[in-house]
Each structure stands twice: as structure tokens, then as C-alpha cells.
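Chemist: Input sequences plus hints: build the corresponding full structure.
Here is how the chains run, residue by residue.
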Amino acid sequence: MNFKAMSLISAVALALPTFGAADPVDDQLVINEDIEIVTKTTAAPHLEGHLDEVMSGWLFRSDSTRDMERDDFDNPGMIFAEQGAEIWNTADGTEGKSCADCHGAPEDMAGVRAVYPKWNEAAGEVRTLQMQINDCRENRMGAKAWGYDKGGSMPMEALLASVSRGLPVNVEIDGPAKETWEKGKEIYYTRYGQLELSCANCHEENYGNMIRADHLSQGQINGFPTYRLKNTKLNGSHSRFKGCIRDTRAETFNPGSPEFVALELYVASRGNGLSVEGPSVRN
Amino acid sequence: MRFTTLTLAAVFAAGIAQADAVAPGDVKFNEGAVEQSLTGMPGNAEEGFKIYASKQLGNCVACHEISSVDAQFPGDVGPMLDGAGERWTEAQLRGILVNSKMTFEGTVMPSYYRVDGFTRPGKVYTGKAADDSFGPLLSAQQIEDVVAYLSTLKDS
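The listed protein sequences correspond, in order, to chains A and B.
According to the UniProt record's numbering, the residues represented by the first sequence are 1 to 283, in order.
According to the UniProt record's numbering, the residues represented by the second sequence are 1 to 156, in order.
Since the hints were derived computationally from the structure, they do not count as laboratory data.
It cannot be assumed that every hint is accurate.
[Said to hold, decoys possible] With beta-carbon atoms standing in for the labels, derived distance ranges:
#, chain 1, residue 1, chain 2, residue 2, range
1, B, Q36, A, S62, 45 to 55 angstroms
2, A, S64, B, N30, 51 to 61 angstroms
3, A, N139, B, D131, 32 to 42 angstroms
4, B, S68, A, K230, 29 to 39 angstroms
5, B, E86, A, G208, 26 to 36 angstroms
6, A, F73, B, K50, 41 to 51 angstroms
7, B, K50, A, N139, 51 to 61 angstroms
8, B, G25, A, Q28, 29 to 39 angstroms
9, B, V124, A, S64, 26 to 36 angstroms
10, B, E105, A, I79, 45 to 55 angstroms
11, B, G117, A, G208, 24 to 34 angstroms
12, A, K178, B, D116, 30 to 40 angstroms
13, B, E35, A, P176, 54 to 64 angstroms
14, B, S133, A, G243, 14 to 24 angstroms
The beta-carbon is built from N, C-alpha and C at its ideal position, and this holds for glycine as well.
Modeler: Below, the structure is given as C-alpha cells:
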């Protein structure tokens, strides 16, 4: 009897926090009391039968983590965007040119982050923003390419994301990009590793649920690069993909690999309509 | 005293049985269930609970909850396991642990006693390719222990 009563009490006690955390919160994100961020919207037509509504990972985080993103002074990711602005204005490479010499102010690049990854006609391939930045560095500036998700890549990507905040993610999935997009989709639904988990198993079928203390989001990447409280640095989407696939006990792929370029295009397209939100803050 | 003797006997028997454990590739399924004990012996429910709760072992709590267990962060990706020992026979529980896909088509639950048919299997959580050390997620004995533990969950 005693044992039964205890079980009942703990059942009720355990059930309450679980229910409380099960769903994304209902909240509005306005950054600096100025930039309105769409964190929830109708899913793109290509997601029919998979998702009706798409949601930023921001809605799945705690009150205190969400609050850090409401003001640039509270967002540690913005420190890296400021570093990016310094790099932007600094000449580098054999040509003695800075980004600013060709592109003007960072704000003039508003909207660029929102449409990447993107087909590059001259190169005949889909390119991520980091690939395009490195193309500039090597071929226009005569500078060394940055490693993927490393070195100057993260501050620069944070800078370019920050000036696009509030604009809708809008990556092209038809035309010449379609083949890469299809490849990314296939990867998204492949159950990798000894645990046999696909991206979809957690982020499409189980978003809102808990894996231990982790509140599963839809795995949207509109907020990348992301400042994670867990490792106190900016994280690129490819590095996050790498960690996720590793955690299925699989032989993972590397940042910048053709697989992750394709996956980035596909996952970005699942967030078409959400606002660019990077650099975001997550746990 | 009687309990100690029994436990000792079980440990001793398990040591012997381990050598003749059914290999992952030789497990026979009957509509998702596995009738035969993988070790030829009953498992140890106490050990089974440790495997259930430990992040390093079964880590069942990552996805499942049992009301009477005070786990810090139980997950809810999988169903509650209250009364699992009433809903399922030992053979069915064994089958679900060995390869849940034989019972629930397309389930997200991993197969705990299987070594083939994976896409890009890795070397534990290193992100590197699997090598000669690759084995099932749990041993035959550990499967039997978890079966024994889950079978005690009668209080739905």
C-alpha cells in the first residue's frame, strides 16, 4: 500500500514537468525591440505530408536562453559578428583587398544569407555561403581559404547572418539545385549508424519530445551559426550535423563534405519562410 | 541468506552460460518474439535495472519512463513502461530488445542485439568507421537481465 501510494505520487510529480516541457512555447521574438523574427510559419509546399508548420529552435529553448536573443548586448554570438565586421574591413591576401572594397558595408549584404546554399552557374555546383566566401578569398583577394566552420568562417558567417535577420529563408530547390536537394533529402531520411536514427526520426517524428534532458526541436538551421551555452562558441550547421550523425554511432561526414552541402540545402529548405535568426543562442 | 545463495548461483551459472550464448545472427524470431533465452538461463532483474538506468549501458531512460522509478530526466520518445511485464511475455520483451523492428515496423528504437544491416556503422561515439571491436549494444546476458527486470513491471 505504502509503495503503491508512493508510486502514484511520483507518477504525478514526474508527469507534470514532462507535460510542461513537451511543447514549444508560444512566444514572439523581437530583437533589439526592432527586428521581428518569424519563428513559426506554414511549412513550404515540399513538406506536405511531413510537417504542417515549421518552427525555429528558439521556441524549444528555456525562458532564459530565449531572452538572451532579444537584445544584441545579451547575445554572446554578436561578439563574433563584431569580429566578423573587423575582418570585413581588413585587407588580406596578395591583392591587398578587404571584403568592404568590393561589397561596401556589411549591411549591403542583407538578404544574401537567406538564399544560401545556392547554385553557382559558373562553378556548376551548389555552394554554401562559406564556400562562396572562400572563393572570394582565394580568387579575388589572393588570401588563404578558411577551414570549414573554422577560423574566420564563423565570425564572417555570423556577420552576414546578422545583417539578414528578419528576412525569410528562401533557398531555391528547383532547377539546377534540384539534384543536390534530392541528395540532401535522401540523407535526411537515411537511418545512420548502429542506433539507426535519421534526422527525421528525431526532428520530424519526435520534435517536442524529450530524449533525456534534451528537448527535441525540428532541427531548423535558420538560427545558424549558433552560440551554444554548452560549448560557449559559435557552431556551424555542418559541425552540428557531424555531431548528430556521430551520436547515432555512425561513421559521420565532415564539415564541407558534398554530403553536408546537400544536407544544408535540404534542411535550409525545410525552414523556408522562417526568418534568418543567426547568430542565435541555444543550449 | 537464501537470496545470497541464489544470486551466487545465478552469477556462477551466467559465467558458464556466457560461452554458449546465442550469437546475434542466430537469434530465431517467431512473430517478433524470441522464445529461447539468449544465455539459456533466466536473467538477473537487479542487474537489468542498472542496465535500464545507466547512460553507459542500456540508457533506456533516455526515451522511456516508469512511474515508480525516480529518474532525473526520463525521456518520452518511447512509451511508458509501467506494466510492461503484463502487456508482454518474456519472449516478446526479448524480441523487442534484440530487434524491435521485428515487432514494430519502422520504430525509432535501436536493436540491442544485432550486428549487421547498418548504414555507415561507427566505432561507438567517435564518428569513425566501425572496426573489429564492433559488437551488439548489449551482451546476451545483459539482454536477459533487462528482460528479467521488465518482467517485474506488473503494476500498471
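Chemist: With reference to the structure, classify each hint as holding or not holding.
Modeler: These are the hints, each one checked on the structure:
1. The hinted range of 45 to 55 angstroms is satisfied by Q36 (chain B) and S62 (chain A), whose Cβ atoms lie roughly 48 angstroms apart.
2. Separation of S64 (chain A) from N30 (chain B) is about 52 angstroms and conforms to the stated range, judged on CB atoms against 51 to 61 angstroms.
3. About 41 angstroms separates the C-beta atoms of N139 (chain A) and D131 (chain B), a value consistent with the hinted range of 32 to 42 angstroms.
4. Here the CB-CB span from S68 (chain B) to K230 (chain A) is close to 32 angstroms, well matched to the stated 29 to 39 angstroms.
5. Hint check: E86 (chain B) to G208 (chain A), Cβ distance near 29 angstroms, so the stated range 26 to 36 angstroms holds.
6. Between F73 (chain A) and K50 (chain B), the C-beta spacing of about 47 angstroms keeps the proposed range 41 to 51 angstroms intact.
7. For K50 (chain B) and N139 (chain A), the hinted distance range of 51 to 61 angstroms is satisfied, since their beta carbons lie about 59 angstroms from each other.
8. The beta-carbon spacing between G25 (chain B) and Q28 (chain A), approximately 55 angstroms, falls outside the hinted interval of 29 to 39 angstroms.
9. Distance hint for V124 (chain B) and S64 (chain A): a CB-CB separation of about 33 angstroms, consistent with the stated range 26 to 36 angstroms.
10. Checked against the hint of 45 to 55 angstroms, the pair E105 (chain B) and I79 (chain A) passes, with Cβ atoms roughly 49 angstroms apart.
11. For G117 (chain B) and G208 (chain A), the hinted distance range of 24 to 34 angstroms is satisfied, since their beta carbons lie about 30 angstroms from each other.
12. The hinted window of 30 to 40 angstroms between K178 (chain A) and D116 (chain B) holds, with their beta carbons roughly 34 angstroms apart.
13. For the pair E35 (chain B) and P176 (chain A), the beta carbons lie near 56 angstroms from each other, so the given range of 54 to 64 angstroms is met.
14. Distance hint check: the CB atoms of S133 (chain B) and G243 (chain A) are about 22 angstroms apart, consistent with the given range 14 to 24 angstroms.
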